[in-house]
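These protein sequence lines are chains A and B, in that order. Residue numbers for the first sequence follow this note's numbering, so the first one is 8 and each next one is one higher. Residue numbers for the second sequence follow this note's numbering, so the first one is 8 and each next one is one higher.
Worth flagging that the hints you see were computed from the coordinates, not collected in a lab. Be careful, since some hints might not be right.
No distinction is drawn between identical chains; accordingly, a pair holds when it is met within one copy or between any pair of copies.
Stated by the list, open to error - DSBU-like, lysine-lysine: derived pairs with alpha carbons at most 35 Å apart: (1) 122 with 71; (2) 36 with 22; (3) 22 with 71; (4) 36 with 71.
There are 2 protein chains.
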Amino acid sequence: MRAALDLAREVGYVKLSIEGVAVRAGVGKHTVYRRWDSKGQLFLDSLLSLNGPVLDYRDTGDIKADLRRQIYAAVDLLGTPPWGPLYQALLGEAQHDPAVSVSLNERFIRPQTEKTVARLRAAQEQGQVSPDFDLDLVMSILSGPLYFQFLVTREPITHAYVDRVLEALFTGLGPRP
Amino acid sequence: MRAALDLAREVGYVKLSIEGVAVRAGVGKHTVYRRWDSKGQLFLDSLLSLNGPVLDYRDTGDIKADLRRQIYAAVDLLGTPPWGPLYQALLGEAQHDPAVSVSLNERFIRPQTEKTVARLRAAQEQGQVSPDFDLDLVMSILSGPLYFQFLVTREPITHAYVDRVLEALFTGLGPRP
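Generate the whole structure from the sequences, applying the supplied hints.
This is how it looks when you write it as structure tokens:
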């Protein structure tokens, strides 16, 4: 995995091949294939194995502050190599490799979603989130605008952008009565 | 372009190559490369050349109904071959080919964003959208949850999902005073 990350830093994720990783690691390519049957699976394991900060929600009693802090941490991580390019390459692979997409969801997206829903449920019980808000959608709604920027417009995700998105999501589109 | 779409239907977008397209079209590969210097650019031109329904907003005076109608049309398009797999392949290419990402934004995302902001601005002036809502973010906020489902969780985007997202976005996270 270290060989893969080192090599990726040199040649980029597009040109990375299982064969190249095997050569760098000094093993046969079948040894690498036995462990990862695709580049996407290798990227996912690499991502999950990096000792990054744990993306857990605090509960200080202030939902906006806790969300802001957690999203800042995720955004800062994306700005720190190799996280951003690795995650982007992984999501690129997931577009044509359904097995990668399934693993990504099982091992990363779903656990994050559960934590997010749990933190928001507590906030809803404390009256900090509208009782009408559909909590099951909160992961799509909170992270969708970030993924849109990360994968589609490719503009940098700044803390200021995070603040504006949070404000807009709390305000909502509908006029207040 | 027809050759590319026909071939892609048979072999899939991953295995599609500029060389393969040239063979199918009965021309030299340099002829194809002169027109498209990458698979991603070919996908983008193919997508924009398909005679699909025009994604324009109506203004019936009811913003929620007009948004719903427009998003249903986009979602239905994604469910009709070759749109969905073609757009997914294009977004996959955009993750490792910055030139594709730039063209996609200039030729597709930005014009859609301008139409969306214009329709929402009219609604805000009519009092149907909160005066506090940050209109510049509306494209990220409206389409982010759809892209998240399309590119990350890969769950089907149903009309019911669109309805729930619109409700949640109009409600907003914040409690009503």
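| Which of the listed hints are not met by the structure? | 3 and 4
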